[in-house]
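K.L.:
Make the full structure from the sequences, and use the hints.
Now for the letters of each chain:
There are 2 protein chains.
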Amino acid sequence: MNKPTVEICLSPELLHLHQLTGKTVVVADVLRATSCIVAGLASGIASITPVATLEEGRQLMAKGYIGAGERDGKQVEGFHIGNSPFSYMSPQLSGKKVVTTTTNGTQAIQKSRAAAQIIIGAFLNLSAVALYLKKQRCDAVIVCAGWKGKINLEDTLFAGALVRKLEGIFQWEDDAVLAAGELYANMQMDLHAHISRSSHYQRLAKLGIKEDIRFCLEIDRFSIVPIVVGEEIVVSQN
Amino acid sequence: MNKPTVEICLSPELLHLHQLTGKTVVVADVLRATSCIVAGLASGIASITPVATLEEGRQLMAKGYIGAGERDGKQVEGFHIGNSPFSYMSPQLSGKKVVTTTTNGTQAIQKSRAAAQIIIGAFLNLSAVALYLKKQRCDAVIVCAGWKGKINLEDTLFAGALVRKLEGIFQWEDDAVLAAGELYANMQMDLHAHISRSSHYQRLAKLGIKEDIRFCLEIDRFSIVPIVVGEEIVVSQN
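For the record, the sequence lines run as chains S and Z. Using the numbering used here, the letters of the first sequence correspond one by one to residues 10 to 247. Using the numbering used here, the letters of the second sequence correspond one by one to residues 10 to 247.
Everything labelled a hint here was simulated from the structure, so no lab data went into it. A few of these clues could be false.
If chains are identical, the list can't say which one is meant, so a pair holds when it fits in one copy or spans any two.
[Claimed, not checked] DSS-like mimics (lysine-lysine), calculated; alpha carbons at most 30 Å apart, straight line:
id, residue 1, residue 2
1, Lys219, Lys12
2, Lys157, Lys120
3, Lys215, Lys12
4, Lys157, Lys174
5, Lys12, Lys157
6, Lys120, Lys105
7, Lys83, Lys219
8, Lys174, Lys12
9, Lys12, Lys120
10, Lys106, Lys144
11, Lys105, Lys83
12, Lys83, Lys120
13, Lys120, Lys72
P.N.:
Take a look at the structure:
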């Protein structure tokens, strides 16, 4: 039996170079969209609906959704919460539907719609995602959300961590897989120190949310795998 | 005085995210287009004209140019030479004008035309390029040619090697610079072993040109800096 393949797409701007049909896409936006989704669903949120624009967010809020709105790292006025994983973990949100619109993560999900299924990855659920892919044994593409089209360090490192967990079971011929896997191997002993040199960390640290970042770099805090079903993201039952 | 900036564009498909006006672009297509250009001009070729299509190549050949034609790693029928650095170093080409059309390198040059100047980099002239940039002190973008739009390991490593030589004199806020610099630091002790795991190496090795690859990974074999002047690439006099 042929091994399934895994590819890494380092930026949504490179998605057109990857064939997604029939494959499983793992979307990663470690700081902070997909970390929030994992933390929120693991803490009891019923579903999270990603939308591209603030206007769509407001429309669903008018229907009773909790609104999470972020642009350029900051909470948008009029929304209930911003993009901190801690606010997604509030007991008050348990059982609620949330609509979220973030800078890069939402757009990476929307651009991946051609895939057979889209799941959500972060360091917080790294092993759960790896286990899910190993069980499914279908070809996978890890899509890094990046920052405004450019690659970023934290999503690249997550992708590298994930492919290293797939070694021996999946195959690849992609240099992005080699590069990301090697980077993670070299940086894993002190992820926080390395990511604190990254551009996004510098942007976010200015906004005073270092605790968020430290939390988003925790590995395997949760064991759920979020999956996109229609317009919503829910906890996968597989 | 502000330090000049350096950015890395890991694939021509990401070039629209970089502002090139007023900057110096370094184009790198280590296996093998820019290595050939460096080796050829250092060995006496008068000028090398990169063109996008085989048809344009044939038109210049009709005017007396030596034709170098490569597609998918192989020499194109009717052209004098393919894409091996050794054929570019032939004494018979000394003083001649060459037209070249390769898969990725030529296209990276054409897409960088908005820059103030375009120079050509490879491991073969790594220190010469670093010295050139340090003397000029203008903002620089290193453009990796990649492979059909995707990133590749060898060009990423060249970019990493170059930014490490610019440390302290240039500044950056780009995660691609961090990632490529770190990768090079970790792989530099045995570039050949690492690159022999890359996708492009596997493709080229099948074509039986391992000697080419070993040559292209030699560091600082030449001390010239090729520069694009009009339609031609010649040795920079600066």
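K.L.:
Work down the list of hints and note, for each, if the structure agrees.
P.N.:
Hints, verified against the model:
1. Lys219 - Lys12: Result: close only across copies, 28 Å inter versus 40 Å intra.
2. Lys157 - Lys120: Answer is both; intra-copy 14 Å and inter-copy 20 Å each pass.
3. Lys215 - Lys12: between (44 Å within a copy, 22 Å between copies)
4. Lys157 - Lys174: Close inside one copy (28 Å) and across copies (28 Å); limit 30 Å.
5. Lys12 - Lys157: Answer is between; shortest inter-copy Cα gap is 24 Å, intra-copy 34 Å.
6. Lys120 - Lys105: For Lys120 and Lys105, only the intra-copy Cα distance (26 Å) is at most 30 Å; the inter-copy one is 49 Å.
7. Lys83 - Lys219: Within one copy, since 14 Å is at most 30 Å while 52 Å is not.
8. Lys174 - Lys12: Classified as within; 14 Å inside a copy, 41 Å across copies.
9. Lys12 - Lys120: Classified as within; 26 Å inside a copy, 37 Å across copies.
10. Lys106 - Lys144: Classified as within: same-chain Cα gap 29 Å, cross-chain 58 Å, threshold 30 Å.
11. Lys105 - Lys83: within (23 Å within a copy, 59 Å between copies)
12. Lys83 - Lys120: So Lys83 and Lys120 pass the 30 Å test inside one copy only (23 Å; across, 35 Å).
13. Lys120 - Lys72: Result: close within a single copy only, 25 Å intra versus 47 Å inter.
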